[in-house]
Amino acid sequence: MWESFLSLECGCNILPMPDLLSSIEKFVSWETISKIGSIFSIASLVVTIWVLLETRKLRSLYKLKVRGPELIKDLHKMASNLSEFLNDYSGSMTQIAEELGKTSSKLKTLQTRLRGIQRNSVKRVRGDIDQCEVKAENEEQVRTVYVEIIKVIEELKDYQKDLNWER
Amino acid sequence: MASEKKNKWIDAVGKLLQLTQQGSLKWKPIKPPAYLNSAPNDSRVDVVYDTDYKDRVLRLYEKRYKIQKPNPVFATISVFADEREYPYWSSKTVLELLDENELSPWAFPNSQVLDDLLDAVRYQVSGVKDFLNEILAEAS
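So the sequences go chain by chain: L and S. This note's numbering numbers the first residue of the first sequence as 96 and each following residue consecutively. This note's numbering numbers the first residue of the second sequence as -3 and each following residue consecutively.
In short, the hints are calculated from the structure, not lab data. All of these numbers come straight from a predicted model, not from anything done at the bench. Heads up, none of these hints are tricks.
Derived pair list, reagent style DSBU-like, types lysine-lysine, alpha-carbon separation capped at 35 angstroms:
1. L:K201 - S:K4
2. S:K4 - L:K172
3. S:K4 - L:K152
4. S:K4 - S:K27
5. L:K172 - L:K197
6. L:K168 - S:K59
7. L:K158 - L:K218
8. S:K22 - L:K252
9. L:K172 - L:K256
10. S:K1 - S:K22
11. S:K62 - S:K1
12. S:K24 - S:K2
13. L:K158 - S:K65
14. L:K230 - S:K24
15. L:K203 - S:K1
16. L:K160 - S:K62
17. S:K27 - S:K2
18. S:K1 - L:K152
19. L:K201 - S:K59
20. S:K59 - L:K252
21. L:K172 - S:K65
22. S:K11 - S:K1
23. S:K22 - L:K172
24. S:K88 - L:K168
25. L:K197 - S:K22
26. L:K218 - S:K1
27. S:K11 - L:K172
Please construct the entire structure, taking both the sequences and the accompanying hints into account.
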């Protein structure tokens, strides 16, 4: 009777109230709630991991923004000193070895503040420096290391410029 | 890609630096040509160093230029903006490759290695090494 009344009044086919309630009950069952909960848990785990990664990225970005220019300036000075000593290679081998040591240590500090391509470039140059023994017959190798240091400084300068636009 | 291209130039200037420091490439100081000092109130060049390398002329110099106060509309907001007094002078090292008529100079991209090359050229031209050796020989 109820069913026929609704059909007559509205001119449309509406489910009778008991059927509606049962279908809602069926949809909002504990099983369904549990499934939705699980989906949200997984989604929140993904978001947490993403936030964690972004925070790490921001932290290193911030560290580089604050200390980067000073470290690059120091590296610039060290490379200039190295070039100056290369004016008289045979007479300045001790100073060259010292300067390379200082440069490697500075690059190590910088490496901890970098990620991705720049980090790999710094790591590679540090490897070159560590492998380079400053002795009379290695002048060519020392000069190659100097050029590699210049390249990494230029790369870092460009990266620093990009950072200024990023955030 | 841009970085690779820049690295090629650094390699090239690094080679010039090596040749200069080893004495294979000789530079000579000359009076700057007129085109470099055409606007002396805005930019100046005191001395240029020329060399011949593989039948081409290379010209190296330090260019000092005046930095004018930027237009406030386009100026970047900076915490240091008020500390800087305008105009002020800045400088950059320029390495040019000239054609056979020593015209239409083409400038190498700017990088730190150019500054080091200029220092090496000044060291070579002033004869510091020989002077130092003479002093040390006299002292001993």
